[in-house]
Amino acid sequence: MKTNFAVSVTHDGRPLTGVEVEISTFRNNDNKNAFSGVTATDGIVHVSNLPPGDYWISADLLGINAAYQCFHIDNAPSRQAKRALKYKWGDLAPATRRVAGRLIDSQPGKGGSPLWNIVHRVEIPITSASLVLRNPLTGTAYHSSSDAAGSFSFDDVPSGTYVLHIEGGSAGERGYDATDLLLKVSPKAPRQSLLLTRRDGGTCGGTELDLVEPPGR
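In this note's numbering, the protein residues as written are 539 to 755.
No wet-lab data here; the hints were simulated from the structure.
Please note that a few of the clues may not be correct.
Said to hold, decoys possible - Here are the simulated lysine-lysine pairs, DSS-like style, with alpha carbons at most 25 Å apart:
no.: 1; residue 1: LYS722; residue 2: LYS626
no.: 2; residue 1: LYS624; residue 2: LYS648
no.: 3; residue 1: LYS726; residue 2: LYS626
no.: 4; residue 1: LYS726; residue 2: LYS624
no.: 5; residue 1: LYS648; residue 2: LYS540
no.: 6; residue 1: LYS620; residue 2: LYS722
no.: 7; residue 1: LYS648; residue 2: LYS570
no.: 8; residue 1: LYS624; residue 2: LYS540
no.: 9; residue 1: LYS620; residue 2: LYS570
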């Protein structure tokens with residue numbers, strides 16, 4: 539890369555404004571911020587005077603990543619060194635006809651052996667969860683919450699790409715972290731409802747709500 543370059547982010551071929559771009563150095567497991575910026579109305583943010591070294595770049599909008607990669611700047615960049623990085627955001631969103639469904643926590647059963655409890659799981663509704671559906675291009679936001687059955691719905695949502703944000707909370711005695719999910723609303727989508735279930739983060743820690751694929755997918 540050149541020491542001065544541009545980062546551009548698009549969605550469906552259109553420039554995307556408000557994308558947070560961060561560049562950090564990494565030496566001896568010590569990361570330090572080298573640049574922070576936000577894409578303008580043309581979907582571009584300009585980076586200037588980065589010294590030689592190894593870097594990581596991330597580009598994020600509403601909790602959804604467009605990029606996370608490393609790059610290098612030589613002491614004497616060649617004429618072939620890149621002057622721009624281009625990324626696409628939100629082009630692989632799962633599609634649905636309606637933004638409606640359920641939030642559940644599949645918990646181990648109780649009263650049997652540890653193995654029996656794992657096999658005989660119980661679905662606990664996640665109730666009173668706060669949900670926000672936001673259009674990243676227009677900023678339009680829709681609000682909902684889950685009921686006693688863990689069900690939620692957003693009515694009269696136009697076609698387009700959205701970010702569904704679910705605030706962190708608890709299901710019974712088990713908590714879960716906030717979750718951001720990319721969705722595409724389309725009348726031609728095969729999916730007509732959403733099922734999101736609590737999942738542990740494994741070795742990375744934390745928990746989140748995962749979108750369950752319908753049978754046969």
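These are the hints, each one checked on the structure:
| no. | hint | verdict |
| --- | --- | --- |
| 1 | LYS722 x LYS626 | holds (15 Å) |
| 2 | LYS624 x LYS648 | violated (51 Å) |
| 3 | LYS726 x LYS626 | holds (23 Å) |
| 4 | LYS726 x LYS624 | violated (29 Å) |
| 5 | LYS648 x LYS540 | violated (60 Å) |
| 6 | LYS620 x LYS722 | violated (33 Å) |
| 7 | LYS648 x LYS570 | violated (47 Å) |
| 8 | LYS624 x LYS540 | holds (14 Å) |
| 9 | LYS620 x LYS570 | holds (23 Å) |
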